[in-house]
Amino acid sequence: MKSLLTLLAAASALALTLPAAAQSLEPGEVASDVPAITGVTTGEAEWEKVWSGPMAADGMSVTPDGLLLFAQEQSNAIWKLWPDGRSFVEVPYVLGAGAVSVAADGSMLAVERGCSDPGLMQLTCERRSAVVQLSPERKVIADAFADGSTLGRLNDLYADGRGGAWFTQGALYHTTADGTVTTVATMERFSNGVVTSPDGRVLYVTDGTTIRAYDIATDGSPSNARVFARLARDTQGFGGDGMEVDAAGRLYVTGDAGVYIFAPDGTELGVIPTPRRSITLALAGPQRNVLYIGTMGAATPAGDLWAPPHGERNIAMTIYRIPVLSRGVR
Numbered sequence: 001m002k003s004l005l006t007l008l009a010a011a012s013a014l015a016l017t018l019p020a021a022a023q024s025l026e027p028g029e030v031a032s033d034v035p036a037i038t039g040v041t042t043g044e045a046e047w048e049k050v051w052s053g054p055m056a057a058d059g060m061s062v063t064p065d066g067l068l069l070f071a072q073e074q075s076n077a078i079w080k081l082w083p084d085g086r087s088f089v090e091v092p093y094v095l096g097a098g099a100v101s102v103a104a105d106g107s108m109l110a111v112e113r114g115c116s117d118p119g120l121m122q123l124t125c126e127r128r129s130a131v132v133q134l135s136p137e138r139k140v141i142a143d144a145f146a147d148g149s150t151l152g153r154l155n156d157l158y159a160d161g162r163g164g165a166w167f168t169q170g171a172l173y174h175t176t177a178d179g180t181v182t183t184v185a186t187m188e189r190f191s192n193g194v195v196t197s198p199d200g201r202v203l204y205v206t207d208g209t210t211i212r213a214y215d216i217a218t219d220g221s222p223s224n225a226r227v228f229a230r231l232a233r234d235t236q237g238f239g240g241d242g243m244e245v246d247a248a249g250r251l252y253v254t255g256d257a258g259v260y261i262f263a264p265d266g267t268e269l270g271v272i273p274t275p276r277r278s279i280t281l282a283l284a285g286p287q288r289n290v291l292y293i294g295t296m297g298a299a300t301p302a303g304d305l306w307a308p309p310h311g312e313r314n315i316a317m318t319i320y321r322i323p324v325l326s327r328g329v330r
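Quick note: the sequence shown, position 137, residue 137 per full-length UniProt numbering, numbers continuous.
Worth flagging that the hints you see were computed from the coordinates, not collected in a lab.
Think of the CB as a built atom: it goes at the ideal place given N, C-alpha and C, for glycine as much as any other residue.
Treat the hints with care, as some may be off.
List of simulated lysine to aspartate or glutamate pairs, EDC-like, C-alpha gap at most 20 Å [claimed, not checked]:
id, residue 1, residue 2
1, K80, D105
2, K80, D65
3, K139, D65
4, K80, E137
5, K80, E90
6, K80, E44
7, K139, E188
8, K139, D178
Label-pair distances were calculated between CB atoms; the ranges are [unchecked claim]:
id, residue 1, residue 2, range
9, T183, W82, 19 to 27 Å
10, Y93, A146, 50 to 58 Å
11, T180, P64, 26 to 34 Å
12, D304, G179, 42 to 50 Å
13, A263, N314, 20 to 28 Å
14, V30, A217, 38 to 46 Å
15, D33, A302, 40 to 48 Å
16, K139, T42, 39 to 47 Å
17, R138, F190, 52 to 60 Å
18, P83, S107, 21 to 29 Å
19, P136, T235, 27 to 35 Å
20, T42, P198, 32 to 40 Å
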């Protein structure tokens, strides 16, 4: 409890002392000039820091009115971020919240992790991880495979528009609205981000530095597995993480080199360097033309690199944004 209170106090201090825009590099930041990418960026934007804290800001999504949502595992909540940098708990009591996804009809789905990240405290895993619906009513959609085995420590998810979701945990899975879970595909390395094209006909998932694609039939079944693209500039070996699509069908993928932008045919259009390593992203704002990224690491109000007080894994994160020419789907 003392560790939790310490981190919550630090979170308040960090969130209330953010500058309007970065004037110089903070500890842990790297120079990150935004290049011009046709249809996406003009090359004149600069990353602006809008939120920072000692706990996670992962698995981003967007509300119907364009406000940013993020999952915070350590506080067991889904948070909403306002344009001025204020953040509020949108949905509390989401056990080990790992990711959130808002469907086109406004329903909100999320990942609950029964085994929480030891960055703050380790849960006993007595409660199952689950894909849950948070609105319009709260309910568990799926918490086990057909044989009764648990889903494990879930990673990311994306609402399928039919009351179910695509989700990742090493491999790629799908749950229908009635809780039927199927394994879509195993990965050569490790799955992470998952998203569909604007029309819902193509599914994308990361597999290390490879982006895989699947055609989605009208009944929701996947087929035609193929390699869509590769993160050619990544050298650290972690691979892709968060993904987003814009209204033109371009795919955005966070990686070691920054945010990769791919055309619908898989052609790399460019990479946007980021101040810190980005792991999640979303196109938000009233017109969906602001690119938000969640990145690893944060600076304290005193200007030092944030470090956890008791030797836990550093889970501090910073959210940045830039205006873009493109527009998101939801």
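The hints, checked one at a time:
Pair hint K80 plus D105 holds up; C-alpha atoms about 18 Å apart against a cutoff of 20 Å. A threshold of 20 Å between alpha carbons decides the hint, and for K80 with D65 the separation of about 12 Å falls inside it, so the pair holds. Restraint check for K139 and D65: the C-alpha separation of about 24 Å exceeds 20 Å, so the hint is violated. Proximity of K80 to E137 is assessed by CA-CA distance (about 18 Å); at most 20 Å being required, the pair is judged to hold.
This hinted pair checks out: K80 and E90 have alpha carbons roughly 6 Å apart, not beyond 20 Å. With a C-alpha separation of about 28 Å, the suggested pair K80 and E44 falls outside the 20 Å cut-off, and the hint is violated. With a C-alpha separation of about 33 Å, the suggested pair K139 and E188 falls outside the 20 Å cut-off, and the hint is violated. Proximity of K139 to D178 is assessed by CA-CA distance (about 11 Å); at most 20 Å being required, the pair is judged to hold.
Checked against the given bound of 19 to 27 Å, the beta carbons of T183 and W82, roughly 39 Å apart, lie outside it. For the hinted restraint 50 to 58 Å between Y93 and A146, the CB-CB distance of approximately 28 Å leaves it violated. Checked against the hint of 26 to 34 Å, the C-beta distance between T180 and P64 comes to roughly 28 Å, which is consistent with it. For D304 and G179, the hinted distance range of 42 to 50 Å is satisfied, since their beta carbons lie about 47 Å from each other.
At roughly 36 Å, the beta-carbon separation of A263 and N314 lies outside the given 20 to 28 Å, and the hint is violated. Against the hinted window of 38 to 46 Å, the Cβ-Cβ separation of V30 and A217 comes to about 43 Å, which satisfies the hint. For D33 and A302, the Cβ-Cβ distance of about 27 Å falls outside the hinted range of 40 to 48 Å, so the restraint is violated. Look at K139 against T42: about 44 Å separates their beta carbons, and that is inside 39 to 47 Å.
Judged by the Cβ atoms, the range 52 to 60 Å given for R138 and F190 is violated: they are separated by roughly 30 Å. Between P83 and S107 the beta carbons are some 24 Å apart, a value that agrees with the proposed interval 21 to 29 Å. Against the hinted window of 27 to 35 Å, the Cβ-Cβ separation of P136 and T235 comes to about 45 Å, which falls outside the hint. One distance hint, 32 to 40 Å for the beta-carbon pair T42 and P198, is violated here, with the actual separation near 23 Å.
Of the hints listed earlier, those the structure fails to meet are numbers 3, 6, 7, 9, 10, 13, 15, 17, 19, 20, in rising order.
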